[in-house]
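Chain by chain, the residues run as shown.
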Amino acid sequence: GESVGLHLPTLSVQEGDNSIINCAYSNSASDYFIWYKQESGKGPQFIIDIRSNMDKRQGQRVTVLLNKTVKHLSLQIAATQPGDSAVYFCAEARSNDYKLSFGAGTTVTVRA
Amino acid sequence: GAGVSQSPSNKVTEKGKDVELRCDPISGHTALYWYRQRLGQGLEFLIYFQGNSAPDKSGLPSDRFSAERTGESVSTLTIQRTQQEDSAVYLCASSLLGVQYFGAGTRLSVL
Numbered sequence: 010g011e012s013v014g015l016h017l018p019t020l021s022v023q024e025g026d027n028s029i030i031n032c033a034y035s036n037s038a039s040d041y042f043i044w045y046k047q048e049s050g051k052g053p054q055f056i057i058d059i060r061s062n063m064d065k066r067q068g069q070r071v072t073v074l075l076n077k078t079v080k081h082l083s084l085q086i087a088a089t090q091p092g093d094s095a096v097y098f099c100a101e102a103r104s105n106d107y108k109l110s111f112g113a114g115t116t117v118t119v120r121a
Numbered sequence: 005g006a007g008v009s010q011s012p013s014n015k016v017t018e019k020g021k022d023v024e025l026r027c028d029p030i031s032g033h034t035a036l037y038w039y040r041q042r043l044g045q046g047l048e049f050l051i052y053f054q055g056n057s058a059p060d061k062s063g064l065p066s067d068r069f070s071a072e073r074t075g076e077s078v079s080t081l082t083i084q085r086t087q088q089e090d091s092a093v094y095l096c097a098s099s100l101l102g103v104q105y106f107g108a109g110t111r112l113s114v115l
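Quick mapping for you: the protein sequence lines, in order, are chains C and U. Numbers 10 to 121, taken from our numbering, label the letters of the first sequence in order. Numbers 5 to 115, taken from our numbering, label the letters of the second sequence in order.
Pulled out of the complex, with its shape left as it was, chain U reads as follows (with noise of 0.2 Å):
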């Protein structure tokens, strides 16, 4: 079966741009995560959907960021005026209840 999409694999912008990320959960899932991984280091929570519950956006580093998700369907994570240290592995995940599966995530690279 279909695991979780996200798209694009890869993205370079430069500073000061904004980016859109897009993540395609399992079909039914109604718990959707988004996660930063830096270089070499464990994932950060970002942001949680439950159903049509409003979103925890408790880790979200800055007013810069923002996602969000159709119904139980496709999420959108927006990074505006992109900065060097945005720089990661984001990485999205979706479940039923407990066990999150995850896509193969975005690279974004901010030069």
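Okay, chain C solo, but in the shape it has when bound (with noise of 0.2 Å):
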């Protein structure tokens, strides 16, 4: 099975509210995690990463946690705007490789 995973398949958040998306883990030698962001026909965009000897870091209105405890990771999105509607990753890898390990996706749907 899937070595990461999504815990919510579809977010629908009101324009101006802070977004949470969830994704939980389950490979314990991964070091490295990823947040992209995907657009319909576009590739992956990156917006954030976080390495295991950190378990926060912010970025321009994003900011990604990370517990190691229970192998989880979130990605926190301030004031959502019209333009963050878009689908969501997570992955994971070992900086030996860097070879990433993708979740289904999280859909991210922004009301006006």
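If you're looking for bench data, these hints aren't it; they were derived computationally from the structure. Incorrect hints may have been included.
Quick list of in silico lysine to any residue cross-link-like pairs, SDA-like style, CA-CA up to 25 Å [said to hold, decoys possible]:
(1) C:K108 <-> U:T80
(2) C:K51 <-> U:E24
(3) C:K108 <-> U:G75
(4) U:K15 <-> C:K77
(5) C:K108 <-> U:L115
(6) C:K108 <-> U:F69
(7) U:K15 <-> U:V114
(8) C:K108 <-> U:S57
(9) C:K108 <-> U:S70
(10) C:K108 <-> U:S66
(11) C:K51 <-> U:L101
(12) C:K51 <-> U:S11
(13) C:K51 <-> U:L43
(14) C:K77 <-> U:L101
(15) C:K51 <-> U:V103
(16) C:K108 <-> U:V16
(17) C:K80 <-> C:G92
DEER-style ranges, computed between Cβ atoms [unchecked claim]:
(18) U:P12 <-> C:T78: 45 to 53 Å
(19) U:E18 <-> C:T78: 36 to 44 Å
(20) C:N62 <-> U:S57: 19 to 27 Å
(21) U:L100 <-> C:A113: 26 to 34 Å
(22) C:G25 <-> U:D60: 43 to 51 Å
(23) C:S35 <-> U:R42: 15 to 23 Å
(24) C:T78 <-> U:S13: 41 to 49 Å
(25) U:K61 <-> C:T19: 31 to 39 Å
(26) C:K77 <-> U:E18: 30 to 38 Å
No experiment lies behind these values; they were computed from the predicted model shown. Glycine residues also receive a C-beta, built at the ideal position from the N, C-alpha and C atoms.
Two chains, two separate frames, one set of hints: put the complex together.
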């Protein structure tokens, strides 16, 4: 089965609200985690990454949280905008080769 | 700057034909990856090139799939005797260390 999975396949959020997308992983050997955004007809676009020696990392309007105890990863998007509507993927890898293992994705729809 | 470029963007072929998909990575990126994405699903790893090392082919689904890379430049993914289940988007990514940057993919349709 998949080593990375997302808890919810779809998320509907009101414009301006914060979004939280969750992800579970099962490979204890993974030490690198990354979030991508994919819009229809395009390749995945890098959002933010985190290594296993950290539990939180912030970017512009985004925060990634890593809980290694329960093998859980989340992406928080602040003040969600219509342009944030897309499919979001988490992925895990080991830093010896960075071969990414992806979950099925969460579709985020922003309501105006 | 130029990102990862893939061609063709779309390819329609008949079952049993061979196809070649091309990837131009970001200049200077030593690592190159190929993934497959079936409709509505996540990406599946196919093959990985790192510098002049032997490629990691552990994700290739069958011996009909092969890939080559010229130095640290262009890569070609070849699918021989295509089957309908090969229909998917094939994505290429390149990286220096860690973050992989993806191309827009080649959408392959096998009739």
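Cross-check of the supplied hints:
1. C:K108 <-> U:T80: holds (18 Å)
2. C:K51 <-> U:E24: holds (20 Å)
3. C:K108 <-> U:G75: holds (20 Å)
4. U:K15 <-> C:K77: violated (42 Å)
5. C:K108 <-> U:L115: violated (31 Å)
6. C:K108 <-> U:F69: Holds. K108 (chain C) to F69 (chain U) sits at ~18 Å (cutoff 25 Å).
7. U:K15 <-> U:V114: holds (8 Å)
8. C:K108 <-> U:S57: holds (15 Å)
9. C:K108 <-> U:S70: Holds, at about 17 Å.
10. C:K108 <-> U:S66: Holds. K108 (chain C) to S66 (chain U) sits at ~19 Å (cutoff 25 Å).
11. C:K51 <-> U:L101: holds (23 Å)
12. C:K51 <-> U:S11: holds (13 Å)
13. C:K51 <-> U:L43: holds (13 Å)
14. C:K77 <-> U:L101: Answer holds: K77 (chain C) to L101 (chain U) is near 22 Å, not above 25 Å.
15. C:K51 <-> U:V103: holds (17 Å)
16. C:K108 <-> U:V16: violated (28 Å)
17. C:K80 <-> C:G92: violated (29 Å)
18. U:P12 <-> C:T78: 45 to 53 Å: Given a distance of about 46 Å, which is inside 45 to 53 Å, the answer is holds.
19. U:E18 <-> C:T78: 36 to 44 Å: violated (52 Å)
20. C:N62 <-> U:S57: 19 to 27 Å: holds (26 Å)
21. U:L100 <-> C:A113: 26 to 34 Å: Given a distance of about 28 Å, which is inside 26 to 34 Å, the answer is holds.
22. C:G25 <-> U:D60: 43 to 51 Å: 44 Å Cβ-Cβ, so the 43 to 51 Å window holds.
23. C:S35 <-> U:R42: 15 to 23 Å: holds (21 Å)
24. C:T78 <-> U:S13: 41 to 49 Å: Holds: the Cβ-Cβ distance is about 43 Å, inside 41 to 49 Å.
25. U:K61 <-> C:T19: 31 to 39 Å: Given a distance of about 35 Å, which is inside 31 to 39 Å, the answer is holds.
26. C:K77 <-> U:E18: 30 to 38 Å: Since the Cβ atoms of K77 (chain C) and E18 (chain U) sit about 49 Å apart, the hinted range of 30 to 38 Å is violated.
Consistency with the previously given hints fails for numbers 4, 5, 16, 17, 19, 26, ordered from lowest to highest.
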